[in-house]
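Read top to bottom, the protein sequences are chains Z and F.
Here the first sequence is numbered in this note's numbering, starting from -2 and rising by one per residue.
Here the second sequence is numbered in this note's numbering, starting from 24 and rising by one per residue.
Be aware that a few hints might be false.
Said to hold, decoys possible - The calculated DMTMM-like cross-link candidates involving lysine to aspartate or glutamate, where the alpha carbons are at most 25 Å apart (straight line), are:
1. LYS4(Z) to ASP283(F)
2. LYS4(Z) to ASP153(F)
3. LYS168(Z) to ASP283(F)
4. LYS52(F) to GLU195(Z)
5. LYS4(Z) to GLU149(F)
6. LYS52(F) to ASP126(Z)
7. LYS52(F) to ASP39(Z)
As the list claims (entries may be wrong) - Covered by chain F, according to a simulated footprint, are these stretches of chain Z (three or more residues, beta-carbon under 8 Å):
8. 143 to 157
9. 235 to 246
10. 266 to 278
Bear in mind the hints are in silico, worked out from the structure with no lab data behind them.
Since the model is a prediction, treat every value here as computed from it, not as a measurement.
Glycine included, C-beta positions come from ideal geometry on N, C-alpha and C.
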Amino acid sequence: MLTFFLKRLLGLLPTLAIVAVLVFLFVHMLPGDPARLAAGQDADQQTVELVRAELGLDRPLPVQFGRYVLNLGQGDLGTSIRTRRPVAAEIGERFLPTLLLTLTSMAWAVAFGLVIGIVSAVYRNEWPDRLGMTLAVSGISFPAFALGMLLMQIFSVGLGWLPTVGAGSWKHYILPSLTLGAAVAAVMARFTRASFVEVLGEDFVRTARAKGLTERVVIAKHALRNALIPVVTMMGLQFGFLLGGSIVVEAVFNWPGLGRLLVDSVNQRDYPVIQALVLLFSLEFILINLVVDVLYGLINPTIRYK
Amino acid sequence: MTDTAPAATRAVAALPSGVRTPWSEFWRKFRRQPVAVLALAFVVVLVALAILAPWIAPYDAENFFDYDRLNEGPSLAHWLGVDPLGRDILSRILVGGRISLATGFLSVAIGGLVGTVLGLLAGYYEGWWDRIVMRLSDVLFAFPGILLALGVVAILGSSLVNVVVAVSVFSVPAFARLVRGNTLVLKRATYVEAARSIGASDRTILLRHILPGTVSSIVVYVTMRLGTSIITAASLSFLGMGAQPPTPEWGAMLNDARADMVSSPHVAIFPSLAIFLTVLAFNLLGDGLRDALDPKLDRA
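Sequences are here, hints too, so could you generate the full structure?
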């Protein structure tokens, strides 16, 4: 198991290297001169040159890259152009709200997705299945921003039950996490159903029934465990989707998280922040993929690689 | 459970009636799914509306202002109501559909084409080229589409063209993977071996023998991808990074509607419905195509 884990970890290095180079080159791909961007619109040529030297942008590319990696190692992500504060501080205070929002969304997306998927598979082609799958296909077709606006209109503006924007109390979490989790719940439901339908057709399920076990035991003990293997992988992959989705949902609910920080930074061309955020998001992704791989190996020993 | 009877009935039902070509076989299975047929009809109507939009839209989508009816709900003169600037919402949705469908089709076509070529070459030749392509698509694949798209927009600036570029880029790895997988299987098929043994060139084998074998999964994937691409493009416009006002793009219309949600929800509801129904139609059509083209399902 340890060798398997180490192998996967080593396998990440090339991906990490590619991401680091791409993120580094990001600034150099921006249209216009980053030094002028940093110095401001009205700065004269002399100031721009000063800023260029200060940012180290006058050095050769490989030297700049080395310094970039060195700074990263020391946790120095640069300074935000917009707020003049260290990027690490900017990100630090936005990290928790996004993490909590993502986890809440995941929790209820998994709960709803599994229940709908299992019920649909058990009552295949009957009305609970049709209802569940109609909900699921609607869920993947409804854009998050439209769903968010709709929910806000009904529950905050219309009924007045929940707050509209911000992240102050637990009540603030309900609508954004519902919005963000809807598509994931839908994907999970479809996936669970497919996986369950397949398992229910297996020989060992027939054997369990032949032994005279009740349908409840067959489903809960024999089918569930086997059907969940691919579902766990899917869950991990959907985390990535949640991170992306949070960008849109945070804009709708004015959520003080990383997604909104990214949108604001792109709008204001705050490239040190964009650079750091893209790097952070990529890292999260790579880590999630690793965790999924390892989980997969834990649940299903047959694929604990040759 | 004693469950042998349905198997027998299925065997009878599957008896050939006349000659069975892959096409008739597909059509037979597709026709049996009323939801998918309905979705196809809806998509055809959507495309027709999008093409005809400039001629059938009752008003000019950008430059007609009805100052007497600002924010008014649906009426005979304006079927879907009027927005806060006095523009006819129906006209804007019709013209916006043209934009959404065009961005969707274009980006999936570009992404699909590049991905298919990369996947064919990677699967057929394997070796270092395969490793590079797959490593790059792993990296691209790991990102959520919207993040990648934001990165592209951050570099190239906010515009509709850049949105198409961004959405194409994130379609590439999915197609490359799909086609590579199929190619790896197909190139070991007996008929491909036969083609090679009579001296067919790599080019002929790839284009005439392997590509047709993978077309059905490409078609299914294109359809599924269209929905996602339309949502992503609309999301970018919603964030203010795609279509710029006064362009009547659906996502941008929703963004505009946010300020007046409380007083005039219809301004937001109709564009939302337009996106939802369009994406739903593509997703249902994709499900139907998959069920009709997947040989595994015949046995189940």
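Practice problem: Could you tell me which of the numbered hints above are not met by this structure, giving the numbers in increasing order? | Solution: Per hint list: 1, 7 violated.
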